[in-house]
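Make the full structure from the sequences, and use the hints.
Residue 30 in UniProt numbering sits at position 30 of the sequence shown, and the numbers go up by one each step.
In short, the hints are calculated from the structure, not lab data.
Don't take every hint at face value.
Stated by the list, open to error - Simulated restraints, written as ranges between beta carbons of each label pair:
id: 1; residue 1: THR32; residue 2: ALA70; range: 18 to 28 angstroms
id: 2; residue 1: GLY232; residue 2: ALA70; range: 36 to 46 angstroms
id: 3; residue 1: GLY232; residue 2: LYS122; range: 14 to 24 angstroms
id: 4; residue 1: ILE4; residue 2: GLY34; range: 16 to 26 angstroms
id: 5; residue 1: PRO8; residue 2: GLU125; range: 18 to 28 angstroms
We put the CB at the ideal spot given by N, CA and C, even for glycine.
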Amino acid sequence: MIEILSTPELAQARTTGALVAHVLQTLRERTTVGTNLLEIDRWAQEMILEAGATSCYVDYAPSFGSGPFAHYICTSVNDAVLHGLPRDYALADGDLLSLDLAFSAGGIVADSAVSFLVGSAKPRESVAMIEATERALAAGIAAARPGARIGDLSAAIGSVLREEGYPINTDFGGHGLGSTMHQDPHIANTGRPGRGYTLRPGLLLALEPWVMVDTDELVTDADGWTLRSATGCRTAHSEHTIAITEDGAEILTLRTPTS
1 MIEILSTPEL AQARTTGALV AHVLQTLRER TTVGTNLLEI DRWAQEMILE AGATSCYVDY
61 APSFGSGPFA HYICTSVNDA VLHGLPRDYA LADGDLLSLD LAFSAGGIVA DSAVSFLVGS
121 AKPRESVAMI EATERALAAG IAAARPGARI GDLSAAIGSV LREEGYPINT DFGGHGLGST
181 MHQDPHIANT GRPGRGYTLR PGLLLALEPW VMVDTDELVT DADGWTLRSA TGCRTAHSEH
241 TIAITEDGAE ILTLRTPTS
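Okay, here's the thing in structure tokens:
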């Protein structure tokens, strides 16, 4: 299913996107050395419910997971990159944490993810990988405009990641969204320009470059959800929800520091 949002629905998408951005930024700022992943999940639950929003994850039970997910946010640490199931783990200095958050407000979903280093330790390889996913995300957004094709976005994202030397997995990537979290079209993190669905004003997309240092292979934890690098290397993930407008692309989940 591909939804094209009406003007009132786009207005609600902006509201939802701002809420997702605020919650994600607040969680990032609260997270320090010693913070437990279950504590982050509890904070996310409190903020989502206080906003009158509905989690996209609690009842999420796709074919590739061992559902329902039963938590409010994905917390992926170090070699975990996607669908990190919150668990009883206290973050250590230098841990690389990815937070992925999606919820619905007013009937419209927004989805965003951020990777960052906890504490004062800043391993150079980890910093470079996070920055590469952020640059790839910016390149994908820059390519998004009416008349462009999905392959143009994928090619822009993949070009940045390949230039940095990262292997690219195409099993999981960006996606359409609207009244539900995961819709067509699928947006792989590499591809050929001029291919795929043509973008139209009113289309909502989540772009999400993610990489692993030295592999494109994933393994699934015993929890049935958490996806990790097959080699145990570190990973990073960046994501924004954008709306295609008459003029290009509008980022709906831009984060503004609260302190």
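Here is what the structure says about each hint:
1. Taking the beta carbon of each, THR32 and ALA70 are about 25 angstroms apart, inside 18 to 28 angstroms as hinted.
2. Take GLY232 and ALA70: their Cβ atoms lie about 26 angstroms apart, and the range 36 to 46 angstroms is violated.
3. For GLY232 and LYS122, the Cβ-Cβ distance of about 20 angstroms falls inside the hinted range of 14 to 24 angstroms, so the restraint holds.
4. A hinted range of 16 to 26 angstroms for the beta carbons of ILE4 and GLY34 is inconsistent with their spacing of about 46 angstroms.
5. The given range of 18 to 28 angstroms is broken by PRO8 and GLU125, whose C-beta atoms sit roughly 46 angstroms from each other.
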